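2 protein chains.
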Amino acid sequence: MTEHRETEAELAEDDFELSRKDLEAINRAIDEQDGPALDRLLEHEHAADIADLIEQLTPPRRRAFLSLYSGEMDGEILSEIDDSIREEVIEQLPHEVVAEAVREMDSDDVVDLIEDMDKSEQQAILAALDDSDRAAVERSLTYPEYSAGRLMQSEVVTAPEHWTVGETIDYLRHEDWLPDQFYHVIMVDPRRHPKGYVTLGKLLASRRETPLREITEDSFRTISARQDEGDVAYAFNKYHLISAPVVDDHDRLVGVITIDDAMSVLDEEHEEDFLRMARVSDESHVSDGPLQTARQRLPWLVINLFTASLSALVISRFEGTVARLVILAALMPIVASTGGIAGTQSLAVAVRALATRDLTSTNARRVILRELAAGMLNGLGLAVILFLAGTFILGAPMIGVVLGMAMICNQIVAATGGVLVPLGLSKLGVDPALASGTFVTTMTDMMGFFAFLGLASWILI
Amino acid sequence: MTEHRETEAELAEDDFELSRKDLEAINRAIDEQDGPALDRLLEHEHAADIADLIEQLTPPRRRAFLSLYSGEMDGEILSEIDDSIREEVIEQLPHEVVAEAVREMDSDDVVDLIEDMDKSEQQAILAALDDSDRAAVERSLTYPEYSAGRLMQSEVVTAPEHWTVGETIDYLRHEDWLPDQFYHVIMVDPRRHPKGYVTLGKLLASRRETPLREITEDSFRTISARQDEGDVAYAFNKYHLISAPVVDDHDRLVGVITIDDAMSVLDEEHEEDFLRMARVSDESHVSDGPLQTARQRLPWLVINLFTASLSALVISRFEGTVARLVILAALMPIVASTGGIAGTQSLAVAVRALATRDLTSTNARRVILRELAAGMLNGLGLAVILFLAGTFILGAPMIGVVLGMAMICNQIVAATGGVLVPLGLSKLGVDPALASGTFVTTMTDMMGFFAFLGLASWILI
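If you read the sequences in order, they're chains W and S. Heads up: the first sequence begins at 13 in the numbering used here, then just goes up one per residue. Heads up: the second sequence begins at 13 in the numbering used here, then just goes up one per residue.
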């Protein structure tokens with residue numbers, strides 16, 4: 013950790029974004045309604061940077077920008093704009109601009125663009141496509157949300173399995189509809205069942221008369237169009253796939269998923285887990301307004317109000333104890349909050365391990381026992397510190413003993429709860445990142461107050 | 013969120029891992045010392061699955077496995093094994109097996125394997141490589157840890173910029189050292205400065221006489237060997253790069269980074285942020301033992317002991333108030349803990365937005381004001397609930413008023429603190445995921461107790 017920090021000082025910095033100076037010039041051009049200046053400033057910028065710019069503009073400037081720049085808006089920029097404001101952007105663009113942009117897109121990007129729109133808006137956009145593209149997009153939309161079928165592009169490069177390298181190269185040279193990016197030629201049988209694939213590198217490096225069958229890759233595996241996109245991303249990362257054919261329920265080739273799309277999904281899944289663990293909706297975005305932000309966060313706050321009331325109830329059972337020794341009120345949050353941290357630690361490791369399939373039924377028992385032991389060890393360590401603090405700072409060794417004993421109980425509950433709760437939720441089919449935190453901290457809060465006040469009323473009073 | 017859950021039921025399941033039945037058969041073969049059965053069981057398994065298996069075995073079974081299976085251990089399996097146990101595995105394998113495995117690896121995998129070893133172990137492995145491979149690995153190791161120079165592979169396919177498609181294909185057909193996976197031919201000038209690149213797809217689809225210059229890609233950008241690997245992964249994801257040439261300080265081509273490596277880094281960086289936010293060392297792994305686990309988690313627990321003592325100090329200033337109205341002791345955690353949740357929510361959004369460069373100096377002021385307003389709104393909402401609960405459940409409207417007012421203060425502190433703290437830490441060059449949580453929850457705890465008890469002693473007593 014420290015090492016990482018130290019070496020980072022030596023590393024080069026490049027922020028991969030528009031410079032502050034560029035941004036100021038762009039803002040000036042927008043404010044002065046200077047379209048040509050804007051075009052000039054953005055001429056060499058990547059679509060992703062232009063999309064970032066649009067996201068970061070204030071809403072009035074964004075409207076001004078769109079009316080000045082609409083001639084230059086293309087499919088690439090539109091695909092890059094974040095979901096949270098894309099609909100707003102599309103509404104502000106002239107219909108012809110959107111239609112033209114959509115015609116340039118690959119089918120997977122069109123699907124991504126329109127899947128959250130309502131039927132009539134979808135139809136307006138689909139009408140801009142030619143028949144075969146529209147059919148491809150409509151077929152994708154028949155698959156469930158977050159499935160491989162929604163993620164795939166329909167543009168696939170195939171060859172009959174009996175072809176040679178030379179035949180394949182001649183075919184590729186004569187086709188003019190090839191996708192922008194493709195990494196494999198997929199070999200299919202006459203019923204379009206994928207049988208293997210060949211990398212373009214091997215195709216280029218082999219002699220013309222080599223049969224494709226002799227240079228296929230071991231890494232070949234097909235993906236069902238109904239597979240969850242998170243599993244697809246996991247498989248790409250685990251098996252180092254670059255592209256993978258997608259098949260329908262009859263094992264027929266319907267599309268291909270490429271690693272750049274799998275990488276985006278991996279990024280989104282991580283972001284979702286990160287935000288869910290912090291009890292934030294994964295729809296949250298920095299460009300949201302205050303009302304939207306407040307509304308997204310309120311539900312978990314209200315739930316916490318309820319779980320915190322359970323702790324209050326626990327404490328209220330010991331009002332007599334607290335009344336007789338008021339210092340207990342000051343000390344009791346120590347046990348509860350340290351338990352909360354330990355629970356979150358154990359939980360985070362378990363949630364990640366579940367996501368990466370490192371925590372399975374094979375090793376669950378071992379991991380639970382490991383947590384139990386680690387909780388006991390840390391409980392003991394913290395108890396020693398608390399006993400010393402009680403003795404030498406508060407001058408009350410018995411209070412130190414009570415704090416320490418309560419801490420040991422709560423650390424054990426925290427560490428084991430941190431792995432049992434996500435394991436249980438995942439068995440029930442609930443995303444462990446979503447609800448585990450609330451369960452675990454409620455447990456550690458209640459246990460922390462109960463153990464401390466219970467032991468105090470038994471030992472001290 | 014709910015929608016996501018609902019549709020997942022329709023999605024196909026494939027766990028991309030060894031089945032439970034296979035695992036049992038493998039364990040049996042290990043226990044019976046049946047090497048041939050083990051070979052047969054693992055014959056068609058992917059290296060990544062075998063590596064997962066090795067990670068999940070208990071340490072004694074792992075030793076037995078390695079002595080039975082050592083003949084089959086190859087470079088691919090060795091590269092896939094998690095850092096946390098790889099050194100242990102290498103120590104248990106015969107030296108010739110490791111040497112043979114390393115010879116098969118790409119230079120980037122060798123670097124990954126040996127970078128954490130001490131000098132003498134590194135030398136033993138480097139000695140197994142031939143001269144040019146060893147030189148490549150040694151050059152990579154001269155770049156800082158976590159840099160593009162460590163991530164790149166040295167095997168690069170280049171062509172002079174003036175070549176045609178035909179010349180390039182002829183050259184590729186006659187080379188026998190081509191890397192397993194490559195996606196671009198990089199055009200270099202006579203001093204090995206990269207000038208552009210051509211996708212293999214374009215190379216295959218173009219006529220032989222086409223000059224390479226006419227089919228280069230716009231996406232071309234070089235990466236400095238000193239660039240942080242996290243920035244590299246960010247750039248790959250943002251600009252949809254598939255491979256990118258890496259250059260030294262003199263802009264000379266020294267290697268290439270491919271998207272599969274960038275995807276692994278993206279995955280690791282997310283995992284690191286996730287664990288850091290939960291105050292767990294990013295070295296944590298489910299295969300760690302109890303002692304190791306306890307030691308990794310103890311530092312943050314001790315820090316929390318200290319910060320929780322600050323809250324205890326705040327409360328102890330109000331001992332007189334609590335003594336006169338003991339119910340305050342039961343109620344005070346409500347304000348503090350709900351503030352903690354709100355702080356974590358705001359923090360998580362800010363930490364992600366900083367990582368994705370969505371929170372910049374351009375919009376920082378707007379985001380801070382947005383958080384202020386959202387905190388006020390949610391504080392008001394929660395205050396209404398607390399007032400009603402105070403009135404109708406506790407029968408004490410004034411206690412409800414105090415709870416509500418304290419909640420409003422603490423929600424504002426939580427929401428703004430959640431964005432100001434990570435912004436401040438990131439300005440100071442500290443990873444905001446690492447320390448923000450402790451700062452923010454200390455703030456919300458102290459503020460929660462102070463506002464509630466302060467208002468109570470002013471209004472109620």
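Quick caveat, the hints were computed from the structure, so don't treat them as lab data. Treat the hints loosely; a few may be bogus.
Which copy is meant is left open, because identical chains are indistinguishable; a pair holds if it fits in one copy or across any two.
Stated by the list, open to error - Pairs of lysine-lysine residues, derived as DSS-like cross-links and limited to a Cα-Cα distance of at most 25 Å, are as follows:
#1 Lys207 to Lys250
#2 Lys207 to Lys33
#3 Lys131 to Lys33
#4 Lys250 to Lys439
#5 Lys250 to Lys131
#6 Lys207 to Lys131
#7 Lys207 to Lys439
#8 Lys439 to Lys131
#9 Lys33 to Lys250
#10 Lys33 to Lys439
Keep in mind the model is a prediction, meaning the values are calculated, not measured.
Results of checking the hints against the structure:
Proximity of lysine 207 and lysine 250 under a CA criterion of 25 Å is satisfied intra-copy only: 22 Å inside one chain copy versus 33 Å between copies. When the C-alpha separation of lysine 207 and lysine 33 is checked against a cutoff of 25 Å, the pair qualifies neither within a copy, at 53 Å, nor between copies, at 27 Å. When the C-alpha separation of lysine 131 and lysine 33 is checked against a cutoff of 25 Å, the pair qualifies neither within a copy, at 42 Å, nor between copies, at 46 Å. In this assembly of identical chains, the alpha carbons of lysine 250 and lysine 439 lie at most 25 Å apart only when taken from the same copy (23 Å versus 35 Å across copies).
Proximity of lysine 250 and lysine 131 under a CA criterion of 25 Å is satisfied in neither setting, with 37 Å inside one chain copy and 30 Å between copies. Proximity of lysine 207 to lysine 131 under the C-alpha cut-off of 25 Å is found in neither arrangement, the shortest distances being 37 Å within a copy and 47 Å between copies. Proximity of lysine 207 and lysine 439 under a CA criterion of 25 Å is satisfied in neither setting, with 35 Å inside one chain copy and 53 Å between copies. Taking the shortest Cα distances, lysine 439 and lysine 131 never come within 25 Å of each other, neither inside one copy (36 Å) nor across copies (46 Å).
In this assembly of identical chains, the alpha carbons of lysine 33 and lysine 250 lie at most 25 Å apart only when taken from different copies (21 Å versus 41 Å within one copy). In the homo-oligomer, the alpha carbons of lysine 33 and lysine 439 lie at most 25 Å apart only across protomers (19 Å), although the nearest pairing inside one protomer, at 53 Å, exceeds that limit.
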